[in-house]
Amino acid sequence: MLTHIRQTSIGTGYDLSNSVFSPDGRNFQVEYAVKAVENGGTAIGIRCKDGVVLALEKLVTSKLLKKDANKRIATVDRNVGVVYSGLLPDGRHFVSRARDEASSWRSSYKAPIPGSSLANRMGAYVQAYTLYNSVRPFGITGIIGGWDAETELAVDGSVGSGPKVGAGGKKQGVKEGGPFLYMIEPSGLYWGYYGAATGKGRQTAKAELEKLKLDPKNGECISLEEGVKEAARIIYLAHEDSKDKEFELEMTWVSAVGGPTKGRHEEVPKALREEAERLAKKALEGEDEEEEKMEE
Amino acid sequence: MNHLPQAWGRPRDDVYGAYNPHYLPHSHGGHQAGHPNQHTQSPIVTGTSVLAVKYNSGVVIAADNLASYGSLARFTDVHRLKVFNKKAVVGFGGDVSDMQYLDRLLLSLHVEENYAGSGDVDDKESDVALMSAKNLHTYLSKVMYKRRSEFNPLWNALLVAGLTESNEPFLASADLLGTTFSAPTLATGFGAHLAQPILRRVVPDEEASKALTREKAVEAVKECMKVLFYRDARSMNEYSIAIVDKESGVDLKLDEKLEGQSWAFADRIRGYGTQTA
Amino acid sequence: MASLFSASLPSSDPSYSFNQAPTTASEPRQHAFYPYTDNGGSTLGISGADFTIIAGDTRSTSGYNINTRYAPKLFKIGGDGPNNENARIVLSVVGFAADGRALKERLDTVVKMYKYQHGKDISVHACAQRLSHLLYNKRFFPFYVTAILGGVDDEGKGALYSYDPVGSYEREQCRAAGAAASLIMPFLDNQVNLKNQYDPNSGPGLEKKPREAQPLPRETVEQLVKDAFTSAVERHIEVGDGLQTMIITKDGIQETYSPLKKD
Chain A
1 MLTHIRQTSI GTGYDLSNSV FSPDGRNFQV EYAVKAVENG GTAIGIRCKD
51 GVVLALEKLV TSKLLKKDAN KRIATVDRNV GVVYSGLLPD GRHFVSRARD
101 EASSWRSSYK APIPGSSLAN RMGAYVQAYT LYNSVRPFGI TGIIGGWDAE
151 TELAVDGSVG SGPKVGAGGK KQGVKEGGPF LYMIEPSGLY WGYYGAATGK
201 GRQTAKAELE KLKLDPKNGE CISLEEGVKE AARIIYLAHE DSKDKEFELE
251 MTWVSAVGGP TKGRHEEVPK ALREEAERLA KKALEGEDEE EEKMEE
Chain B
1 MNHLPQAWGR PRDDVYGAYN PHYLPHSHGG HQAGHPNQHT QSPIVTGTSV
51 LAVKYNSGVV IAADNLASYG SLARFTDVHR LKVFNKKAVV GFGGDVSDMQ
101 YLDRLLLSLH VEENYAGSGD VDDKESDVAL MSAKNLHTYL SKVMYKRRSE
151 FNPLWNALLV AGLTESNEPF LASADLLGTT FSAPTLATGF GAHLAQPILR
201 RVVPDEEASK ALTREKAVEA VKECMKVLFY RDARSMNEYS IAIVDKESGV
251 DLKLDEKLEG QSWAFADRIR GYGTQTA
Chain C
1 MASLFSASLP SSDPSYSFNQ APTTASEPRQ HAFYPYTDNG GSTLGISGAD
51 FTIIAGDTRS TSGYNINTRY APKLFKIGGD GPNNENARIV LSVVGFAADG
101 RALKERLDTV VKMYKYQHGK DISVHACAQR LSHLLYNKRF FPFYVTAILG
151 GVDDEGKGAL YSYDPVGSYE REQCRAAGAA ASLIMPFLDN QVNLKNQYDP
201 NSGPGLEKKP REAQPLPRET VEQLVKDAFT SAVERHIEVG DGLQTMIITK
251 DGIQETYSPL KKD
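Residue numbers (full-length UniProt numbering), protein chains in the order written: chain A, 1 to 296; chain B, 1 to 277; chain C, 1 to 263.
Same shape as in the complex, but just chain A:
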């Protein structure tokens, strides 16, 4: 028994304090925070060709809660959304910080914060909560998704169009930016992803995401609209393991300025969401039938 405890290092004292390593180089408080995330409703993000979809399996904790109210996917700047899984109050704080970062970037640079910079700053912020004894790590994994403008963006509040050619003129046809998707874990670790999943159903979700065409190097990626349908299907599939619990599907998306959301992070329109849910349910039924056939 004693050997068992020593093996897992639980009860050795090294798991009681934040910012203290165990002799084998682990920070247990961070690992426990990850456990908190693993119990949350599944959250996913898909980076598509022409936009990003964020989707969430919102577990209904009480029948007294109003349907479709209490939104959980947050808008951070016009073009950026955040979804998270884990301890909800920690998520709220995470979102609040992200909003502050976005607005302070705007007041410094008179332009929206690039996705990479926002992810970097949030990563640094979350990481700081693993360093001090007076705090505990974030009990969430956050997914940040959005669209960085592709064309040269006017400075906030600027007037006129500036010189068309010559010094200070514009370089024609420059394209940068595009869709972005980052996932930040309780340790502060973050990577950019084509598809990201966290929460209870992350394993199922990741397996499904891997089947999608999301890497532009392997040819044409899926479109935003396909992404919405896949996101709904994946959330429904990931929910299969906790079928007894009721849930609501929450979905938001961001497209390019020329796309359906005009570069803004918005809720997926009701009609499209319902269609995606219908298809998701149908896909599940199909799968059940196949399973039944196999059993036969």
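Among the hints, erroneous ones may be present.
Which residues of chain C face chain B? A partial, calculated answer using Cβ under 8 Å [said to hold, decoys possible]:
1) Ala32
2) Phe33
3) Pro35
4) Thr37
5) Asn39
6) Ser60
7) Asn65
8) Thr68
9) Arg69
10) Pro72
11) Ala98
12) Arg101
13) Ala102
Rough simulated footprint, nothing fancy, chain B against chain A, three-plus residues with beta-carbon under 8 Å [what the hints assert, rightly or not]:
14) 94-106
15) 149-160
DSS-like, lysine-lysine: derived pairs with alpha carbons at most 30 Å apart [unchecked claim]:
16) Lys262/A to Lys211/A
17) Lys134/B to Lys270/A
18) Lys66/A to Lys86/B
19) Lys175/A to Lys246/B
20) Lys253/B to Lys164/A
21) Lys175/A to Lys134/B
22) Lys110/A to Lys86/B
23) Lys270/A to Lys86/B
24) Lys134/B to Lys86/B
25) Lys253/B to Lys226/B
26) Lys110/A to Lys82/B
27) Lys216/B to Lys175/A
28) Lys67/A to Lys253/B
29) Lys222/B to Lys134/B
30) Lys86/B to Lys49/A
31) Lys261/C to Lys146/B
32) Lys146/B to Lys138/C
33) Lys281/A to Lys213/A
34) Lys246/B to Lys270/A
35) Lys262/A to Lys206/A
36) Lys262/C to Lys222/B
37) Lys175/A to Lys262/A
38) Lys262/A to Lys134/B
39) Lys226/C to Lys210/B
40) Lys164/A to Lys222/B
Calculated from the structure, these hints are not laboratory results.
For glycine and all other residues, C-beta sits at the position ideal for the given N, C-alpha and C.
Fit chains B and C to the given chain A structure using the hints.
Below, chains B and C without anything else, positioned relative to chain A:
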């Protein structure tokens, strides 16, 4: 050796005397004897009139694209109408840098308004309400009044055009003193003298504006823009025009040109320049 | 015109191509921001035995321009919600409209807070005192307004209070304020307080006794208000367009609007 890094590389006080920051602005340690802290006391780069008319299902608003530096026509592609959302457009007259400040303020307000909501959705059923033009006007007029009370005014005359919560046409103004008023037709700056009488002839009262069609409203505004170009030396012939309609939302055109100008009246003008009699 | 061009005659000194060289080194020019303006218009109030009437024209001006023909100067104070339902107090403000609005909003908040804290409506005389404080507290940067406050007092009598911009106030039978105050007030002195009116049968010549002022009936007062404004409109350019009146009784506030000349 001096161990304070901020002193390194600087002229030594014992050799050159203490640094005299008197010429620097107040914010950087400067202070001129007898000169108090100064705020904006006059506008620098300015936009001229803004016009607007309410009609049966919305509002038409227009302003030209000129930003003047005194009598110099400095910038000719400055858009002085700013769309806030589907329900509200703001037209700015007066100082352009203060307009830019307000534009950024409106942008951050718009971002905050959408933290909870979902874009430009106005849906009673899902409890998502869009900020109305009326709300926006109240907000802006409080910003203007607060700044005038701090003796640091935002040197603008604003028109807020759009729709109320219940989608009724709305039009009101606010200026650098925080003065506010509302009417079926409004015009700032020179427009108050030249355009307002013409607009009032078309729309004498609230009742007339309820009977006015969109086409007639646009026609009246365009006619006034022309009159202003004839007579206002700080105006130009390119302008922006926006229509906020309860059915079709905001329609903003940024680079319109004045049409059908006639300077036939000009050679009858006496009393200016060389024609003194 | 000719003198303008003769100013710079040819000389050997370095000169300016334009006709007027700066005479002195340019000093920093002081163009102070003036935080006030006058939006014109007039208000008046008369108290009766069991009612108070407050009236104001609805024209708003800046200089010779009419800003709008409908800008109310009368505001219900207290009551419920943003539309002040069931209010029993009216504030009229004339002068600088932006200050007027700010003052109205402060008083309205105060009166509503009073009800939340004490569970009853504020009395007019307490409200009047409070308004005086609001004005006096800002005496070094005053609200540039003449305020008139009206309601019904604890005994059910019409109550009317008039103010100067820094909070000096008194309860009166009648008061005119604003642009046409000097036109309307003497008329009110004569017609409401019966100044310079004598009982013709009370004696010979200078021994005639002055008539005693009595609270006037509502119909008479309403007619006086209309006459006062139609006359003021004729003689003052900043008064006109519309007449807004509010009559406060124990049963509530009755509001009316009637057109005035728009010229």
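Do the hints match the structure? See the list:
1. Ala32: Hint on Ala32/C: holds, closest Cβ of chain B at ~7 Å, below 8 Å.
2. Phe33: Hint on Phe33/C: holds, closest Cβ of chain B at ~6 Å, below 8 Å.
3. Pro35: 5 Å, holds
4. Thr37: With Cβ-Cβ at 6 Å, under 8 Å, it holds.
5. Asn39: With a closest approach of 7 Å, the Asn39/C hint holds.
6. Ser60: It holds, given that the least Cβ distance between Ser60/C and chain B is near 5 Å, below 8 Å.
7. Asn65: 5 Å, holds
8. Thr68: Holds - the Cβ of Thr68/C comes within 8 Å of chain B, reaching about 4 Å at its closest.
9. Arg69: Hint on Arg69/C: holds, closest Cβ of chain B at ~7 Å, below 8 Å.
10. Pro72: At 10 Å from the nearest chain B Cβ, Pro72/C fails the 8 Å test, so the hint is violated.
11. Ala98: Holds - the Cβ of Ala98/C comes within 8 Å of chain B, reaching about 4 Å at its closest.
12. Arg101: 7 Å, holds
13. Ala102: With a closest approach of 6 Å, the Ala102/C hint holds.
14. 94-106: holds (count 4)
15. 149-160: Our answer is that it holds, as 5 residues pass the Cβ test (under 8 Å) against chain B, meeting three.
16. Lys262/A to Lys211/A: 28 Å, holds
17. Lys134/B to Lys270/A: OK: Lys134/B and Lys270/A at ~28 Å, within 30 Å.
18. Lys66/A to Lys86/B: With Cα atoms ~28 Å apart, Lys66/A and Lys86/B stay inside 30 Å; holds.
19. Lys175/A to Lys246/B: 36 Å, violated
20. Lys253/B to Lys164/A: 20 Å, holds
21. Lys175/A to Lys134/B: 39 Å, violated
22. Lys110/A to Lys86/B: 23 Å, holds
23. Lys270/A to Lys86/B: 19 Å, holds
24. Lys134/B to Lys86/B: 13 Å, holds
25. Lys253/B to Lys226/B: It holds: about 17 Å lies between the C-alpha atoms, which stays within 30 Å.
26. Lys110/A to Lys82/B: 17 Å, holds
27. Lys216/B to Lys175/A: The given pair, whose Cα atoms are some 43 Å apart, is violated under the 30 Å limit.
28. Lys67/A to Lys253/B: 41 Å, violated
29. Lys222/B to Lys134/B: At roughly 25 Å apart (the allowed maximum being 30 Å), Lys134/B and Lys222/B satisfy the hint.
30. Lys86/B to Lys49/A: At roughly 28 Å apart (the allowed maximum being 30 Å), Lys49/A and Lys86/B satisfy the hint.
31. Lys261/C to Lys146/B: At roughly 35 Å apart (the allowed maximum being 30 Å), Lys146/B and Lys261/C break the hint.
32. Lys146/B to Lys138/C: 14 Å, holds
33. Lys281/A to Lys213/A: 22 Å, holds
34. Lys246/B to Lys270/A: 22 Å, holds
35. Lys262/A to Lys206/A: 29 Å, holds
36. Lys262/C to Lys222/B: 26 Å, holds
37. Lys175/A to Lys262/A: Status holds; Cα separation ~17 Å.
38. Lys262/A to Lys134/B: 26 Å, holds
39. Lys226/C to Lys210/B: 29 Å, holds
40. Lys164/A to Lys222/B: It holds: about 29 Å lies between the C-alpha atoms, which stays within 30 Å.
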